[in-house]
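The residues making up each chain are set out below.
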Amino acid sequence: MATMRYQQAVRLALTEEMERDPTVFLCGEEIGQYQGTYRVTEGLLDRFGPMRVVDTPISEIGIAGMATGAAMAGLRPVAEFMTWSFALEAMDQLVNHAAKITYMSGGRIQCPVVFRGPAGVGTQLSAQHSQSLESWYAHTPGFKVVMPAFPADAKGLLKTAIRDPNPVVFMEHAGLYGLQGDVPDDPEFLVPFGVAAIRREGTDATLISYSRGVHLCLKAAEALARDGIECEVIDLRTLVPLDIETVLQSVRKTHRAVVVHEEWKNVGFGAELSARIHEHAFYDLDAPVERVAGADVPMPYAKNLERAAIPNDNDVIAAVKRTLS
Amino acid sequence: MATMRYQQAVRLALTEEMERDPTVFLCGEEIGQYQGTYRVTEGLLDRFGPMRVVDTPISEIGIAGMATGAAMAGLRPVAEFMTWSFALEAMDQLVNHAAKITYMSGGRIQCPVVFRGPAGVGTQLSAQHSQSLESWYAHTPGFKVVMPAFPADAKGLLKTAIRDPNPVVFMEHAGLYGLQGDVPDDPEFLVPFGVAAIRREGTDATLISYSRGVHLCLKAAEALARDGIECEVIDLRTLVPLDIETVLQSVRKTHRAVVVHEEWKNVGFGAELSARIHEHAFYDLDAPVERVAGADVPMPYAKNLERAAIPNDNDVIAAVKRTLS
Amino acid sequence: MAKTTVERPAEDHIQQNELIDLYRLMLRIRRLEESVYRLFRDAKIGGYLHRYDGQEALVAGVIPLLQLPHDKVLCTYRDHGHALACGTPAREVMAELLGRATGCAGGKGGSMHLIDPPRGFLGGDGIVGGPVPIALGVGYALKYRARMLGGGNHICVCYFGDGAMNQGGVHEAFNMVGLYKLPILFILENNQYAMGTSVARSTGQPDFVLKAKAHGIDGEKIDGMNVLTVRDAAQRVIDRIRETGEAYFLEMECYRFVGHGIGDDNTKSWTTYRTEAEVNEWRKRDPILQLGNYLQDRGILDTTQMDAIDAEVRQEVADAIAFAEASPEPPLDSLYENVFS
Amino acid sequence: MAKTTVERPAEDHIQQNELIDLYRLMLRIRRLEESVYRLFRDAKIGGYLHRYDGQEALVAGVIPLLQLPHDKVLCTYRDHGHALACGTPAREVMAELLGRATGCAGGKGGSMHLIDPPRGFLGGDGIVGGPVPIALGVGYALKYRARMLGGGNHICVCYFGDGAMNQGGVHEAFNMVGLYKLPILFILENNQYAMGTSVARSTGQPDFVLKAKAHGIDGEKIDGMNVLTVRDAAQRVIDRIRETGEAYFLEMECYRFVGHGIGDDNTKSWTTYRTEAEVNEWRKRDPILQLGNYLQDRGILDTTQMDAIDAEVRQEVADAIAFAEASPEPPLDSLYENVFS
Ligand SMILES: Cc1ncc(C[n+]2csc(CCOP(=O)(O)OP(=O)(O)O)c2C)c(N)n1
Ligand SMILES: Cc1ncc(C[n+]2csc(CCOP(=O)(O)OP(=O)(O)O)c2C)c(N)n1
Ligand SMILES: [Mg+2]
Ligand SMILES: [Mg+2]
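Here the protein sequences come in this chain order: D, Y, E and U. The numbering of the first sequence is this note's numbering, which starts it at 1 and goes up by one. The numbering of the second sequence is this note's numbering, which starts it at 1 and goes up by one. The numbering of the third sequence is this note's numbering, which starts it at 1 and goes up by one. The numbering of the fourth sequence is this note's numbering, which starts it at 1 and goes up by one.
Don't take every hint at face value.
As a list, the in silico BS3-like pairs of lysine-lysine whose alpha-carbon atoms are at most 30 Å apart [unchecked claim]:
hint, chain 1, residue 1, chain 2, residue 2
1, D, Lys321, Y, Lys219
2, U, Lys181, U, Lys221
3, Y, Lys219, Y, Lys321
4, Y, Lys219, Y, Lys253
5, Y, Lys321, Y, Lys253
6, D, Lys219, D, Lys253
7, Y, Lys219, E, Lys44
8, U, Lys221, U, Lys284
9, D, Lys253, Y, Lys321
10, E, Lys284, E, Lys221
11, E, Lys221, U, Lys181
12, D, Lys253, D, Lys321
13, D, Lys219, U, Lys221
14, E, Lys181, E, Lys221
15, E, Lys181, U, Lys221
16, D, Lys219, D, Lys321
Calculated from the structure, these hints are not laboratory results. None of these values were measured; they are calculated from a predicted model.
Excised from the complex, chain D in its bound form (with noise of 0.2 Å):
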């Protein structure tokens, strides 16, 4: 067990998984002479060449076409988008390509590619940069959808997702870079797909979330318990496979869910996480599913309205509240 940071706990993933296995090559934008926009990918040129170490130009169509291709060829590649923002560019061959060619070929062929970088919100990027779209990749079949909290969970659900046959959309978020954790020294430290982790146990209500939404989560449930109200917390980890089953059985303790994310709301994950358990779990609830998500507003560059338009803990708090009342 070390002590890293989030971003050096991907580093580390990438670095194992491409020690353990020739085929695993990275692709991106300044990863390497630059050592990386957010330095996830310092000192890996060096260490695996210009083959595996792969910059390129400023083509998200290219890079997509590129990492898809050499998976249907046998190769594992991980692509780095600059940020998630960028990869609107290649929807095409992310959608029409990636997700679908095994389905269209019966199974006949397989890609196991992952698609990587930062998403999220919170440093006046502002609008064209401040967006994950991770229920856009989410209503997609053919992507699993990974978005970790934490290191740990960073380090061990991406060599999952580099092993995995599968088109992988791995999301981490800017804002958690810093984040410092345990993370298992292991190199056969894998974090399952579809395994949601119960962050903290409550009975009062349940609140689901990942990525940096559970770190609100918690935040909001300490403040909580300091009042009596005890929240269980939720990180779903993989939002495709989706662990709805851990989801379950907690609202049918609590009888109150709370869903967050950072994302717009409309049409957003959160309104997946509420039809499902409404429908799952609807007369367990004591009180209709709660949402609480980004504003539905392109997001802008003032700092005061770019605050506005994420949600903090003091809404998650409120929705609790509300559930309860």
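Knowing the structure of chain D, use the given hints to seat chains Y, E and U with the ligands on it.
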């Protein structure tokens, strides 16, 4: 009032608005000389000439940018995607440019552009050509999202779209192009956005849908009526803005709701509808909101599999019965 | 325009049996294509359907020269000929067109998504320009295998249409291929039209070879109606790509004899964009006709032998249809299979 | 590399006061840019922040020649200089950088999204290559107005970086502009690097003019460090575009003196991709220095006058900062405004 096909109603709206406003022009693949892939724009090149009916290369990014830029410069472009699946290539121009420019500019600039074209499933076009992704557009702040189910609405909503000062995603259903219906001749016949239509009154359950899903609902409602079950059928017409009030009023009366769409279920628009109905009418509901939607798989080619992947009236009937049991 | 026999390149050492094989392959493609509209009208085939009639030389002159399955082939939705040339049995092609479990994609792909990885055929693609960024990745993987994993000097052949030259993704991929120097043969199937849009009406500058060169990929334009010209050029550039590891761009001028697809299957819709006279002019350069005349002129095949080949080929297509029709649909419970591996 | 004064093109009839205006505009941009890192470090500016130091000639030599607001300007996220050149007051630029209600985008856009439609400035764009397809549309609208609505011969000027040349959307738009023949001046701000990637490391073929020509857009490459060269070429090609209605591509060789953005603001991060010696070499060609020497050599300005201009400009920047800091944040209830018009 004249009887015409849905596809002709779209053409009539284009023609009338082009007659009325010299800043309206069309661009897209094969819309001019070839007379339109689905003949929607037949005759318009002859009538309005090549400056106003612009045949483009197969360049979806270019088409989206052309329309967005022209709108920013004060024209009213109507861009056709040959099918909405190809808009995947233009996602950056659509989402990061068209949808956001008004907000990013603090309202200094308008972007009165319409993106239209056929969407929908059901003729064995297989995986890459069978998706509409309305949930993606509805998720993105800055788009209005319109999906007519009838010829009259196709006309009236498209005219409203062209006159709207904002980017409008206007999705026709290729499977409805042949549908006949009465369409007002009045060149000032406009159907407002954000006003759902009750297509059938009922007391026992509310069916909520849009586009071709409405026809499924009507068929199911007729069948159920024979069993004495009276369904109210709501045609949303526009997903953004959403007339949630009409939905809630109906649900408060019937106490049961089924949302229906052909698109993938997971994080589809039905999830948002379900979440909102539960949020606002939880205590009025006698059963959880049911969702009937497309199977969460890339669309298979084989006829039998495709049929199984698309919801039908029996699925709606079964869902209504579940809410009643 | 009026030459009706191929001119055989001087230095060509092709064997007579290879010539006959070329002829047979082109005829197999033609006869299969000729059968599909009827099957569509009988509602046995659905979706979109794009025929290769007139363009057969582009696959017959190239694919038999490859080292399949180590070399890889990618193409567009107009892919029936490519599958046959890669060795996918007509039965599996036809069963896929009919959406049967025995199809080369298990019935899930259909006409636009034929695929046969064990034979090196990585598939058709319904998105214009779509295969080109994929080819960049496949080419990268081949170079990677050669450099890092002890693989041989294998190449990727990627086909796409003149319309695809207007796709941004194609330019991104070309540039990256030029930058990384990858073993890819790009084949532009310039059949003069993208649906109803002629090349002149879709490009700001019609010299496609220049567009490739602008990204650092060398290339040339050749006559795609003459299978021996194609074969000769292909042999030369395939050798060069294997040797240098660098991509090459071959623009092949050709023509599709029928409409763009089943929605454009009669001369009425053609008249919006081309004349019957133009079609007839190009039909005189039919690659099968040209090679047939050549074989006859040289005494390699006589009419009886050619009729026998045609009978064989027609029999193969009939057998493929019978096989497909007798094959089961995919089981309903396979709907949710293959979403993930 | 070592010329430190501009060479004035022979046929140039520029007036002395215009020369002084050019100098002042470049200095205004430079002084404003020099002020922003401090404001970022003081947490008054957030997000990304890209300076134009060294590239001033590209806007000063072009934008004052335009007929704003009828002509239109589009550019990248490196847009502070473009806004100033279009006439947006420094106060409104600075207030936008600080996210204030008085900013040119009401505080909602920030550094990358300066915009000023009443002055013909249609804005910066945070997406590499993003403004080029938009320019296609703006250019189309200008031609449409001229042909259909009685508008004048106006043009669109679109700036973008060397890195953007690798974006597919740029190629799609170039081709359509070449096809439709639109009145657009494309200006490639070739500052040698896209973040940490040199041109040589990102392109399969480094002649950018050829890439434009491959789509039917004529062009040339010029020295972007000499504002009079820029001005001369711009005047010539702007006239030509107005006359012919056809697009033109100007590659302007230049250099950014500071890092790519605030995340790359010290020489330590530079060393991954460029040397201090290289930066210093280019700094000798500083466009402001070159024009200053020229003005002095010709006796148009003396040191005292130049100092006075500098003092004025510094005062303007200080005033802009004071204005911005005194301005209110956007009201919280404006969060949901402007999603729709
Ligand atoms: C991105 C995209 N846009 C539009 C289409 C619709 N479409 C299918 S084929 C085609 C024409 C392509 O022409 P070309 O590339 O010349 O190939 P050809 O059909 O002539 O073989 C079009 C527009 C598509 N499949 N993909
Ligand atoms: C599509 C896209 N990909 C990546 C980025 C991240 N990014 C911002 S600026 C930049 C470098 C652009 O270089 P260049 O075009 O040469 O312009 P310069 O910054 O040198 O002015 C990159 C990679 C982006 N903004 N958009
Ligand atoms: Mg073609
Ligand atoms: Mg640059």
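Going through the hints against the structure:
1. Lys321(D) - Lys219(Y): Since the Cα atoms of Lys321(D) and Lys219(Y) sit roughly 43 Å apart, the hinted pair is violated (cutoff 30 Å).
2. Lys181(U) - Lys221(U): Distance ~21 Å between Lys181(U) and Lys221(U) Cα, so the pair holds.
3. Lys219(Y) - Lys321(Y): holds, 15 Å
4. Lys219(Y) - Lys253(Y): holds, 21 Å
5. Lys321(Y) - Lys253(Y): holds, 17 Å
6. Lys219(D) - Lys253(D): holds, 21 Å
7. Lys219(Y) - Lys44(E): holds, 27 Å
8. Lys221(U) - Lys284(U): Cα-Cα ~20 Å, so holds.
9. Lys253(D) - Lys321(Y): holds, 28 Å
10. Lys284(E) - Lys221(E): holds, 20 Å
11. Lys221(E) - Lys181(U): Between Lys221(E) and Lys181(U) the Cα gap is close to 26 Å, so the pair holds against 30 Å.
12. Lys253(D) - Lys321(D): holds, 17 Å
13. Lys219(D) - Lys221(U): violated, 57 Å
14. Lys181(E) - Lys221(E): Measuring from Cα to Cα gives roughly 21 Å; hence the hint holds.
15. Lys181(E) - Lys221(U): holds, 26 Å
16. Lys219(D) - Lys321(D): holds, 15 Å
The structure does not agree with the numbered hints 1, 13 stated previously, though it agrees with the rest.
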